[in-house]
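Enquirer: Line order of the protein sequences matches chains W and B. If you count the first sequence from 1, position 295 lands on 295 in the working numbering, and the numbers rise without skipping. For the working numbering, count along the second sequence from 1 and bump the result up by 379.
The set of hints was computed from the structure by calculation and includes no laboratory data. Any given hint could be a false lead.
[Unchecked claim] Residues from chain W shown here face chain B by an in silico Cβ test under 7 Å; the list is partial:
#, residue
1, 122
2, 127
3, 130
4, 132
5, 134
6, 135
7, 147
8, 193
9, 194
10, 243
The beta carbon of each residue, even a glycine, is placed where N, CA and C say it ideally should be.
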Amino acid sequence: MRKNQVAVVGAAETTELGIIPNMSQIQLHADAALNAIADAGLKLSDIDGFATAVESPQQVCHYLGIKPTWVDGTSVGGCSFMLHVRHAAAAIEAGLCKTVLITHAESGKSMIGKLPRSTPADSLNGQFEAPYGVYGPPSMFPIPVLRFMKTYGITHEQLAAVAVVQREWAAKNPRAMMKDPITVADVLNSRMIAYPFRLLQCCLVTDGGGALILTSADRAKDFPRKPVYIMGTGESVETPMVSQMETFNSSRAFKTAGPLAFKEAGIAHKDVDHLMIYDAFAHLPLFGLGDLGFMPHEETGKFIADGNTRPGGKLPLNTNGGGLSYMHSGMYGMYALQESVRQMRGIAPAQVPNAKISVCHGVGGMFAASGTIVFTNER
Amino acid sequence: MAEPQRARPKPTPETQEFWDGAKAGELRLQRCDACAHVYFPPRPFCPSCASRKVSTFKASGKGFLYSYVINHRPAAPGFTPPYAIAVVELDEGPRMMSNIIDCPQTPEALELDMRLEVAFEKLDDKITLPVFRPAKG
Chain W
1 MRKNQVAVVG
11 AAETTELGII
21 PNMSQIQLHA
31 DAALNAIADA
41 GLKLSDIDGF
51 ATAVESPQQV
61 CHYLGIKPTW
71 VDGTSVGGCS
81 FMLHVRHAAA
91 AIEAGLCKTV
101 LITHAESGKS
111 MIGKLPRSTP
121 ADSLNGQFEA
131 PYGVYGPPSM
141 FPIPVLRFMK
151 TYGITHEQLA
161 AVAVVQREWA
171 AKNPRAMMKD
181 PITVADVLNS
191 RMIAYPFRLL
201 QCCLVTDGGG
211 ALILTSADRA
221 KDFPRKPVYI
231 MGTGESVETP
241 MVSQMETFNS
251 SRAFKTAGPL
261 AFKEAGIAHK
271 DVDHLMIYDA
281 FAHLPLFGLG
291 DLGFMPHEET
301 GKFIADGNTR
311 PGGKLPLNTN
321 GGGLSYMHSG
331 MYGMYALQES
341 VRQMRGIAPA
351 QVPNAKISVC
361 HGVGGMFAAS
371 GTIVFTNER
Chain B
380 MAEPQRARPK
390 PTPETQEFWD
400 GAKAGELRLQ
410 RCDACAHVYF
420 PPRPFCPSCA
430 SRKVSTFKAS
440 GKGFLYSYVI
450 NHRPAAPGFT
460 PPYAIAVVEL
470 DEGPRMMSNI
480 IDCPQTPEAL
490 ELDMRLEVAF
500 EKLDDKITLP
510 VFRPAKG
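One chain only, chain B, in its complex shape (with noise of 0.2 Å):
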């Protein structure tokens, strides 16, 4: 039997440019041509202002971290406790989920606003996934 796989997420026609850049090893965001509004998820409009002229841009992929837990019980398939669930909030504003690799999953490790940057895992042929580790330097 095969083993419990970590949930693959299946790209829509809006969200199909930030699976490909992840893909690319890109991190790409979305910035409104009209008022600048930085945002995520990805979706053909600007969820500030309304307008539908919004570009899609690489983002730096440095952030901090902004919060998180350590999951004990129950784990997610393909998780093997403790891991942590973190929430990035990267330079450019929006925040999103993640996990944070290369390093240990304690509270003593996991410093709030400790300083990020994007990696990438390759999950299969079609999803590479976002996640992020300690900044160098």
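Looking at chain W on its own, in the form it has when it is part of the complex (with noise of 0.2 Å):
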């Protein structure tokens, strides 16, 4: 794909984050959908591609009204929106259609109107996986981490670190759900999830939503806002069983969509301003800056435990907070989108200074999959 060929215009998240027990998910939906549509300046009968994950295309356009000529149902978990990006971008070039809503929701909190999560007993997962005890992600998405704190020499108090330097960023974001000041301390004291891990470690659960607007980028100049432009993009798939990775010390995904949206982007590590890693808990950080080749695995740790991710660092990471301190409503990759758009509007409520190349980075699943968003606020 040609770099900056293709713009976000609109971009909002639901009018309220965090308990919205007034408001079922299909709503959610529609509420983030009518803010990046007044956002973008645009009306509902100007969408002609639409996006969404876990909930059907068909569910939301028929309840939004809106009459597509291009859709895509790519789920994956919380990084689809990274990949209905990449998939609307190209879509857009091909000339398939002109203008994409991506929207998300999730009654996460709520649980109204939430389509329920189930693993049959004859799926690999329900043979294989469930009769061990594993419950929810908080049971499956650490099991890597013992192996690659070993492998690495990370240490527990670095993988407290993460919690507290995002809980740092949070606490300049009134949105964010979590603003209290926290220490190591605080977090190796917390409650107890599934070792190595505590609850400080592990992401919220909230209701909320978002939805992002995007169009080709000669059209884009037309619009209210400032355009970010898709720069570059990747993605891959590895596993939905996270025994079978190939490795604990790493995320093949991960390792497959970083590179690709580094090379289309054309950019090297240190052009990049704002960095956001989606943390669904608090290894996937130190995963991330290591698969994406930011630095090697066993700097990663000592790196944010030494401050270079926290406010006025080198790499200002996860900078809303994070889905350890902002939100996580259960697919949190909308949410890094979000904030990478606000950092390259110049408007986030922790603002990068003269912050001009943003990378965001989704996982899916327990590094099931995983999608990689380059953004440019240059053309």
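Build the complex: two chains, separate frames, hints provided.
Expert: Set out below in structure tokens:
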């Protein structure tokens, strides 16, 4: 794909974030979509391309009254929206549609109109993982951590520092769910969830949604907001069974998607002003920094513990507070994308001064899938 | 009211041989006749070279502790927390999720790379589950 041919011209989250007991999941989709449409200065009838995950495109399109000529229901977990951005950019470039709306919403906390997640007993996960007591992401996602720590000499304190630093970012964000400062000791004394991870190293469970609108870069200059260009993209999948990953020392999906996006953008790591790495759990930023090639994995724990990713640090990371402190409705990728767009527009609550390139890296399932988007505000 | 039960696997035509093996006290793996790749979970072709000529064999049942979590909450039905959910690397190469029995479920007792051997836990008349315990000797 050619870089900077497609731009984000509308971006918004749901009006409320956090605990939203007065809205069903499908209405959260609509709320985010209507906010993004208003942000772009468009009408619903202008939308001719649509993508969403978990919820079917027909469900959301009908609810909103959209009549698309291009749809994408790619649903590979929390990074689905990174893949939607990539696919939408390709579709716009190919002339399949002109203006794409991507929505995410999840009533993750209030569970109103939420589709059930289940693991059939005759699926491979049902046969070869469920009988051993896995029960939700906290029991599965951290399974690689102890091996990763042993291989690279990563400490419990370094993995606690991830949560501490992200809380510093969240403190600057009025919409963040958790804003009170925490220490490494607070993290290491919080309730044990799944050793080695404690409560403050696991993502929040909230309600909310977000939506993006994309169009060609040539049209983008006529929109009210500063366009944010899609500079590079990558995607991959590995396995739905965490036990069957090629290795616990890295994520194959990360190592495929990340470098694809960097190559397409034609950038080096030193060019990155702002970075989002989907943090469902505290080890993900470490995997991401290593797998995306920012540094050897051995250095990732120290890099974060030394303050390099905190406010004022040389590589601002997860500047909204992340899934650990901002919000996490179940599929956080959309919120990471929203923060990258805010940073590129220059309107983020914790704005990185003069940021021109933002890398947004997502995970789906338990390292099952990955998508990476490089954004820029210069064409 | 019946106690909540541990999740029961339901075999498919492609995995029945594995579950028959566990019932007979054997850990069965598959090897590609064309490229010798050993793989898991079971399927009637080689995920490395796509050959449909594959054979099932009885594995040694030996391996080591590759990684784990000790789950505290929420606990799966049929489990009493804290309990370890482990990934075992078999000497033949493949890894599988399992539980570690005859061992305290603590970070001190569960040392990465410790040698393990397979054991079998009968869940009911249809399903016996391979689990692992610290290797003797």
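Enquirer: Decide, hint by hint, whether the structure agrees.
Expert: These are the hints, each one checked on the structure:
Checking residue 122 of chain W against chain B by beta carbon gives a least distance of about 4 Å; that is within 7 Å, so the hint holds. Interface restraint check for residue 127 of chain W: the shortest CB-CB distance to chain B comes to about 4 Å, inside 7 Å, so the restraint holds. Interface restraint check for residue 130 of chain W: the shortest CB-CB distance to chain B comes to about 4 Å, inside 7 Å, so the restraint holds. Taking 7 Å as the C-beta contact cut-off toward chain B, the hint placing residue 132 of chain W at the interface holds, the least distance being around 5 Å.
Given the 7 Å rule on beta carbons, the hint for residue 134 of chain W holds: about 6 Å separates it from the nearest Cβ of chain B. Given hint, residue 135 of chain W at the interface with chain B, holds; its Cβ is 4 Å from that chain's nearest Cβ, closer than 7 Å. Restraint check, residue 147 of chain W versus chain B: the minimum CB separation of about 4 Å is within 7 Å; hint holds. Hint on residue 193 of chain W holds. Least Cβ distance to chain B is approximately 6 Å, under the 7 Å limit.
Given hint, residue 194 of chain W at the interface with chain B, holds; its Cβ is 4 Å from that chain's nearest Cβ, closer than 7 Å. With a cut of 7 Å, the hint placing residue 243 of chain W at the interface with chain B holds, because the nearest CB-to-CB distance is about 4 Å.
Of the hints listed earlier, there is not a single one the structure fails to meet.
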